[in-house]
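S.K.: Sequence:
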Amino acid sequence: MSEHEWVDEEAGPVVRPYAVARGRTKPTSSSELDLLATVVSTGSPVPAKAELTAQHRRLLSAVSGQTRPVAEVASDLGLPVAVARVLMGDLLEHGLITVRPPRDEATTATESLLREVINGLRAL
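Heads up: the sequence shown is residues 1 to 124, going by my numbering.
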């Protein structure tokens with residue numbers, strides 16, 4: 001099925017999200033697919049037993065060669081985050097992607113640091 005068959009320019013998505021996820025609402029893998037978790041392709045070949053849909057392949061292509069947050073991938077593919085998580089769970093189960101948890105709060109920027117950066121940019 002080509003990408004163009006999934007969307008009608010006037011009506012939007014032709015296939016409902018639950019159909020894309022085969023009626024599932026939660027990923028099959030036990031791994032946490034937090035919105036800020038990052039996903040990257042492992043580069044492994046697709047196993048013969050894997051039944052990947054066009055959406056699985058689009059998702060795999062979107063994370064090929066680059067680490068990206070779950071929310072960003074879902075947005076770029078035009079999928080609800082819940083559907084993207086289910087598809088990512090499938091890919092994770094087949095060893096096709098790696099999921100890294102979000103960065104520790106101790107290493108993330110504080111609000112005061114971000115304000116300083118914004119003020120510095122405004123001063124330019």
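Simulated from the structure, these hints should not be mistaken for lab results. Remember, predicted model here, so these are calculated numbers, not experimental data. Glycine included, C-beta positions come from ideal geometry on N, C-alpha and C. Watch out, some of these pointers could steer you wrong.
[Unchecked claim] Computed spacing ranges between beta-carbons, pair by pair: (1) Val-81 - Leu-114: 20 to 28 Å; (2) Gly-120 - Ala-82: 35 to 43 Å; (3) Glu-51 - Arg-100: 24 to 32 Å; (4) Glu-32 - Ser-112: 23 to 31 Å; (5) Leu-124 - Ala-82: 37 to 45 Å; (6) Leu-113 - Ala-71: 47 to 55 Å; (7) Ser-44 - Gly-120: 37 to 45 Å.
[Stated by the list, open to error] Dumping the calculated SDA-like pairs for lysine to any residue here, alpha-carbon to alpha-carbon at most 25 Å: (8) Lys-49 - Ser-61; (9) Lys-49 - Ser-64; (10) Lys-49 - Glu-93; (11) Lys-49 - Ala-62; (12) Lys-49 - Gly-95; (13) Lys-49 - Gly-65.
S.K.: Now, for every hint given, state plainly whether the structure supports it.
M.R.: Here's how the hints hold up against the structure:
no.	hint	verdict
1	Val-81 - Leu-114: 20 to 28 Å	holds, 24 Å
2	Gly-120 - Ala-82: 35 to 43 Å	holds, 38 Å
3	Glu-51 - Arg-100: 24 to 32 Å	holds, 26 Å
4	Glu-32 - Ser-112: 23 to 31 Å	holds, 29 Å
5	Leu-124 - Ala-82: 37 to 45 Å	holds, 41 Å
6	Leu-113 - Ala-71: 47 to 55 Å	violated, 22 Å
7	Ser-44 - Gly-120: 37 to 45 Å	holds, 43 Å
8	Lys-49 - Ser-61	holds, 19 Å
9	Lys-49 - Ser-64	holds, 21 Å
10	Lys-49 - Glu-93	holds, 11 Å
11	Lys-49 - Ala-62	holds, 22 Å
12	Lys-49 - Gly-95	holds, 12 Å
13	Lys-49 - Gly-65	holds, 24 Å
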